[in-house]
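Sequences and hints are given; from them, build the entire structure.
Residue numbers (my numbering), protein chains in the order written: chain A, 1 to 518; chain B, 1 to 307; chain C, 1 to 244; chain D, 1 to 279.
Rather than coming from a laboratory, the hints here were simulated on the basis of the structure.
None of these values were measured; they are calculated from a predicted model.
It is possible that part of the hints are untrue.
[Stated by the list, open to error] Pairwise CB distance ranges, derived in the manner of DEER restraints: (1) D90(A) to Q164(B): 29 to 37 Å; (2) E38(D) to D245(A): 34 to 42 Å; (3) Q164(B) to P136(C): 57 to 65 Å; (4) Q164(B) to D57(C): 36 to 44 Å; (5) E196(B) to A161(D): 49 to 57 Å.
Note that CB positions come from ideal geometry on N, CA and C, so glycine has one too.
The residues making up each chain are set out below.
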Amino acid sequence: MQIALAGALATVVSTGATLAFYEESLPTSMNPLYAQSMVDNRVHELVLDRLYYHSPITNELTSNVTNQWELAEGGKAVRLTLKKGIRWHDGKGFGAKDVCFTVQAMLDEGTTSPIAQKQRAVFAGCEVEKDLVALVRFTKIFHNPRERLGFQVLPEHIFEGNTAIPPDHPFNTRPVGSGPMKGSMGRRGVAFEQVDNAHHEADIDKMILQEAQDPLVQVRTLQNNGVQGIIAVPPPYRPEVAASDELALKSYDLRSWWFVAVNPNKAYLADKRVRQALNQLINRNELRQLSIGVKPDEQNPPCEFISGPFVQSSPYYNRAVEVSPNSDKDAAFALLAQAGLKQVGGRWQYKGQPISLRIGIKAPLEIEAPDLLSQIGNQLSAGGFDRQEFKISVDEWNTKVLTGQSDDFDLLVGKWSFGLVEDVNPLFHSRSGDKGNLNIFNYNEKAVDSLLSQFNTARTDTQAQDAYHALHELLASELPYLFLWKLDTKSAWRTEVRSNTITPYYYWTVFDAWKFEP
Amino acid sequence: MSARWLRPAVRLGAALVLPFVVPGLITGLIWALPGDPASIICPPELCSGTEALAERWNLDKGPWHFFSSWVSGALTGDFGNSWRLQQGIPVAELLEESIPTTAALVSLGLLLLILGATGAATRWLPAKLDPVLQAVGLVPAVVMAMSAAAALTIGYGVEQYSDQANLLRLGLGALALGLADAALSGTVTGVRGLMESERRQRYVQMAILRGEGTLSNALPNTLPALAGQMRARTLHLLSGAVVVEVVLQINGLGDLLWGGTLAQDFGVVLAASFGFAVLSAALLLLQALVEIGTELHVRRSPGGVVA
Amino acid sequence: MGDVHLVKLRNLTIRTHARQLVSEIDLDCYEGRVTALMGPSGSGKSLTARAVMGCLDVDPGLVDGTLHYPALDDRDWYAPVRGQGMRAQRRLLKDSAPLRGSYFTYSPQAASSALNPGRTLGQQLALAIRRRRQPPEDLSRAIRDLLSEVGLAPSDSRLLPSEMSGGMNQRAALAIAVAPLPRLVIADEPETGLDPVLTRGVIELMVDVCRDHRCGLLLISHHQQTVDKIADDVVHLPGVEVAP
Amino acid sequence: MPGAPAGRVNRVLPASLAAAGLALLLVPGFFAPEFLSEPDMANAFAGPGAVPPFGADQRGRPLLEYATQGAWVIALPSLVAALVVMALSTVGGLIACAGGRHVQTVVQIISEILGALPRLVVILVVALVLPRDGRGLLPIALTWAFLSAPGAIDEASAVAARLGGSRFVEALRAHGFSRPRIYLVHLVAFNLRPVVVRQGVETFMQVTFLEIALSYLAVVSNQSSFTHADSVQSWANLLDLGYKVVLGVHSGHALALGLGLVALVAVTAVAVTHAVRAR
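Laid out in structure tokens, this is it:
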């Protein structure tokens, strides 16, 4: 039937020189200052240049736009010399003025951007010393300051020097960048066009980003050569892709891990023994099997359990802390009893009141892990807790959950992806100023705070590592979040797309090397 | 005013206020949302300058100020910029694209209904067909649209938004709109019922004996009722357009409204609802004109009789 | 009886599957003469009148009889219909349509409900006048004349049937009937719904008008006195006995 | 043309159909489980044979649970909406007979504006304004009812007008009937009943379709459902699962069940309309 339907229309399938791929969604904004999702980050990588990035090969801090750098003002500033001949997509020259404009735009209170907000704690200002020389000042001395220079440079001339950049600026949809591709967003997708430049020479001329639909439709369209790639193939559909020799599954390393945030402000969840009990009630093996479809005995599964806020491949992951793949009801019940909860008619009560857990999940996660919410619900219910289940839209997640305004929930299932630096401060630090600004339930623990600042003030990698190992251990017993797993992300590309190295997190960092031979 | 002019007059009045009633209603609802509108767009916990934004978008001085400044903008064709859906794109630009698309979609769907109505009125369409139409009408528009969308995507792939594909999209959408949710069958049975009951009127029988045509006698008298029915149907199509456009990814008003509402892009939501209200008002206007026209037609003096 | 022979109906027999409606009726109409068709209610007066105009709509309907319009030709209009059932009768209805409203016209009973409620008297007259063989130059004048003939004011042409009295409607119906200058006017119980005085008025008016226009009149009525007074020929329909 | 007795005879079949349909739509909801049962991958996409009566979903959970949960979501709100519309259109009919011209004018003005509102636009905005715990089909159904009331009122008052409006009442008064009897029995029971009930069932059907549409839109755009708890599956989920048959998924039985349920609603509606039609 599918064949019939597709066949009826397949006659017009185009395999022209345009490379088309499915993204998880349309970008929220093509302006990095208003980035909200991984989709945004990936698109910005194509259209703009970050000052510095980690080379996927050497993992060295590299730059496409700077020639050299030096510490200045006793380490509180960095002097950058930019490459000659770099042009913006509209032909204007790329220079120090743009770097400084970007810094000033981030510092301008009129730029109502969460990202700028965070950067204000990092940057003190910027000075154009020569056309191609900019002096970037920091608020304090940072261990390896260039790590902080991962922001994309914006074109000063487009904003006419006005450093207050509002969310409804036309640039945010039709940007002028300096990256390998010129991009413009429409209602259904983003059209990219190759632009020659001193520092980029992409091989692919035209590219189209299309909004993901039903994953199954995506896979079928890919098989039908309607599109050439899918950025994220949900695990249930991977076997079918892997089976086809026209398609290739490619790992996309997002250092991201899944969690269940626990609301410690609820009296019955305040006691960490209750949180530990919940952790014991959850059977990760069963969850993984029923939701993602991973057999317990599967070799190198797409989904590896974690016991703390880092992925196992990270140097910060504390291997001494063990994961609990299966549930242990007896241990859990013992803990709950110790915490003063009573079981009446098989349901847990706190101070005579029956407990009904309100569990929420960021809705799109159910594409990757279908039914995860109801499976967690089932397990907790089997453990004696009533529950209500809620799906939370991306929009609400960003504006309510991440701002710590979702106290009506008991448990929230989410996913955390590291950016440039593996910084978990926003998740666990008590909210104050720029600290803990993604701390979902406003979890507040002095010991945790101090370990986090230990990491921030670390001068050497070993110091940083020790701080995070200790943090990992502490959080594993504190459990403000139940740590589930790292679910690896896989892209699918048709074999006509060659030498397509996918870089961690930013995906398109080495796009210039990509080839497309239909 | 004599009773026979009252109805059309009221319709005309309604048609004039409607385009502003709907956005007004929605403005009210926006303020009914928990949290003040500006912080919905940009929560202070996330970003500074929420006040600046509120001022920029006239959200700072309460609903009336917002609404009035919106209306004065709208009257000059300035609907502001989208701040979520298509950041920084003038909403007017989005409207320009969407209104014709939706109008086309609905008109195509309507064409189907008009054909059905004509068939029923003139007895070309045998009543035997009604059960078939009704059976088809049982399928919800969503299901038809879903399947069409899947087929289009798989079939056209990267070309799925090419002009050809979009044309097909429009056609399939109109078909779903016209056939599903009992739109066509309802129209056919409705019109047939109306015309048959009129045909049974004694004056029509007598007209036959006078050698006059049935339709020429019955039609003018049923026209207002028919116009009413068709307007109701068209409104139904307009509503259905939202679902069909979203599912079939047609860049129409409904899709714009849906996207805007989900992203809480108030500018877009207001503009889209305004667009819908304008289309709906146009229908009211049309109906009023038909009624006035019929009334004048009835009252016109034959060959200019001077009384 | 030297006048022009308009209708020659012989042996008309119509029945439904259940019963005989009319049987073996002979009827003739002549120019300038009034033929009355009388009989008790349900005896098939209206049915006969309609049959004269070629309107048969019962099943199986016409089982026997012949119909000629000698003033036109010597064709037997019933020939293709006799015993042929509904379809043939519908064909006859179509074939005879051109005659209705020109060769003969119909003035219905209870005119108030028989006139198009959505058209002013003026328009209905205009429609009828346009069916004349030579439509007049001055339509409005023709309308005025007709109105005054039946004793209505020119201003009445702007009224809808619902805005006129029963008597006015009956006069209007008559005006509409004679407007196309037909050879024969068929008046179906013009007295229905009118008080005796009005009845006499209307019927006398009808006779006068027909005489003026030199057309025949087939008057269907059960008003003995009137008929006695004005009819040249009378056809009596018997009460119908139910067939086995 | 059937005489009165024949009419009564014809009424028996639709009436029993209507009763059966309503029972099938309203009763199972009360037996709906709060949550779907545990997955059983062995039965994934099992047909009605393996998992009676309707088969199973991609996780081997019986589709029966979808059907009953969906019925639970739809039944009461649609019923309430239908009753509201019926009440309002009855009032409209009564006003046409009893109310003075001014009352009728006011009613007309209100219904003109209400009736011209693009329904789904209002519905969408209402749906998104509702606080999470206030979410459900009922408020949406009520909004729909009030938006579709004008049409119903129009039709009812047209029927009353055809009867002759206030003259109809006077005439019956002359026959010595009491006002309540005239209004309740002659007007409502004898004359308005068919149109009012038809309006009601139409609303019932429309609300059902609306729920399916809204639920589906929520599914495709990764939204929390506007019309029911997220742990509940509506008929839209059946259709969503079912339509994948065109993508080569073995979910034909889900599509059949979904469409069957929709058909059941429609058939019931038709049956009710016929059961109450005027003699």
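Now the hints, each set against the structure:
1. Taking 29 to 37 Å as the suggested C-beta distance range, the pair D90(A) and Q164(B) conforms, at roughly 32 Å.
2. For E38(D) and D245(A), the Cβ-Cβ distance of about 38 Å falls inside the hinted range of 34 to 42 Å, so the restraint holds.
3. Here the CB-CB span from Q164(B) to P136(C) is close to 60 Å, well matched to the stated 57 to 65 Å.
4. A C-beta distance of roughly 54 Å is found between Q164(B) and D57(C), which places it outside the suggested range of 36 to 44 Å.
5. Restraint check, E196(B) to A161(D): a C-beta distance of roughly 20 Å breaks the suggested window 49 to 57 Å.
Consistency with the previously given hints fails for numbers 4, 5, ordered from lowest to highest.
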